[in-house]
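Participant: So the sequence lines, in the order shown, correspond to chains A and B. Be aware that the first sequence starts at 1, since it is given in this note's numbering, and climbs by one per residue. Be aware that the second sequence starts at 1, since it is given in this note's numbering, and climbs by one per residue.
By construction, these hints were calculated from the structure, which means they are not laboratory data. Idealized CB from N, CA, C, for every residue including glycine.
Examples of chain A residues toward chain B, derived with CB under 10 Å:
(1) Thr155
(2) Gly167
(3) Val171
(4) Arg183
Here is how the chains run, residue by residue.
2 protein chains.
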Amino acid sequence: MVPMATVTIGVDLGGTKIQTVALVDGEVVGQARHATPQTDAQAVMDEIVAAAREALGAAGTRGGDVRAIGIGTPGTVDPATGNVANSSNVAGFLHEVPLGSTISAAFNGVPVIVDNDVRVAIMGEFRRGAGRPYRDLLGVFVGTGVGGGLIMGGTLYRGRGGAGEIGHTVVKPGGRRCVCGMRGCLEAYAGRQSIEQVARRRAAAGTHTMLFKIMEAKGRDRVTSSVVADALERGDELTHRLISEAVDALGLAIANAQNLLDLEAIIVGGGLGDRLGEPFVRQVERAMFPHLHLPERPPVMLGTELGDLSGGVGAAVVAGG
Amino acid sequence: MVPMATVTIGVDLGGTKIQTVALVDGEVVGQARHATPQTDAQAVMDEIVAAAREALGAAGTRGGDVRAIGIGTPGTVDPATGNVANSSNVAGFLHEVPLGSTISAAFNGVPVIVDNDVRVAIMGEFRRGAGRPYRDLLGVFVGTGVGGGLIMGGTLYRGRGGAGEIGHTVVKPGGRRCVCGMRGCLEAYAGRQSIEQVARRRAAAGTHTMLFKIMEAKGRDRVTSSVVADALERGDELTHRLISEAVDALGLAIANAQNLLDLEAIIVGGGLGDRLGEPFVRQVERAMFPHLHLPERPPVMLGTELGDLSGGVGAAVVAGG
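The shape of chain A in the complex, shown without the other chains (with noise of 0.2 Å):
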């Protein structure tokens, strides 16, 4: 009898989806991406259950006997209990949420780790993507707003509980409002929510824009990626005006970050970040160059190598997958 194989689970529970993996070996044997329930906490989390069984499913015989299951999530994370709490995304979840519990009694009392999803997702790269060959390195995710994550020594970095927070390091002075109340913050430049909110000002005071068309005619009520993406493509110029101001600000803020830490390596992912992938990157490195100390030895500028798997596999990673 050949003997079972052991599956770590791993769940990245984001605002829109929910993208769930199995690990055997470290390796993805099995995925699944399902909708966000947008009504309650316990559709959520009836929805990432069934997202892990599917995941479970997809590997077929080569998956197994579930050892542990690693969640991803936004807002804050009680690492003793799992519970959540202060997610305006996800519905249901601006409360406190009996998440890690919840799924582990689904899953017959496995080990459930719930932990913050872009510490997470750095943690994915940092094992199993692009930032295997290193030891001290900065993850900047674009997306919906920016986040970051820190792994110094070889280990996660966690501050008091709220380090790498990039995405609300000021860039400018008195600048651009955010929406965490700040003035100038990185992701008032480099979040995608800000990026559609600004080309909306913009647009409703005459500056012309195919943007919100590029937006319907795909069907969409918000710009995302893939709508900056086209509109890119196509030659837009407000958005190629918004996208090189993100451009610089990231450049900027991690050449800051950079200078202070002397690290190895900086990964550029996200949603944005990955849809725009390799120029994007290369032009946040070139914005990042005259701003740092020790040009002479800058850091590795990298994309994801798991892309939108980067939380899934890190959730799954940080459970011991």
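Fit chain B to the known structure of chain A by using the hints.
Facilitator: Showing chain B alone in chain A's frame:
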């Protein structure tokens, strides 16, 4: 027969002074301060030996056998050999100097550890000064330039050897030219040398200031920290304006470091920082607040405890004292 104590000597080598301490059981039992010779490397090393012997002598019967010597120095340090180079502040230290082996030979071959002056100073405050209660902290030393040192997870963080350069994080893109060649660095606003340069330019352009009269009255040929302090006390408007810009720049750079690292404590020291003291630390704290991502959980802001002994004590600590 009472056994002799074993002493660790710490040396803080600067462009104008050599500060030495003798440490027994972590306590300063003797110290000495000599002017740094302005001639050549051999004269500087002879003076280090003399100052180390004087500290040992000052310890009297509380001293004993030297078991190790630590030296904090500006410039590039090769930790393996104890050689130093690229220091434009110390006479003869622009080219490579066998600092470690020379001092060791003068003390019967005791082990000599040579390290960067700023990193050594933060180690002093971390292990024997204001930083004792913390594991994650940043030291910001505001002197001729602005240096920084990071303790993370209870150990000195070096990156690839160049970590901690908060003085060369950019606080104003396209702003004041820094001695390093970049624009808008923290050091260009908060370093004593840069403040002096800007004051000279403004004075030459007709701005009224007492700064240089105070300098001459004190018999100095440069605007020292005590000249700045006197000008502030006497209400000199230009000095107040320049220090206010320095405080704003420090507040922003420290907030950005905090947002990225979520540290427990920030220590503000250095020649100018120590001289302006507690009121200056509180001003920097106020300037930091508006840029904090987690203002409800700010870092503790502290002055140094060891003052101008931070470097000497830290050098001894680095050598195991």
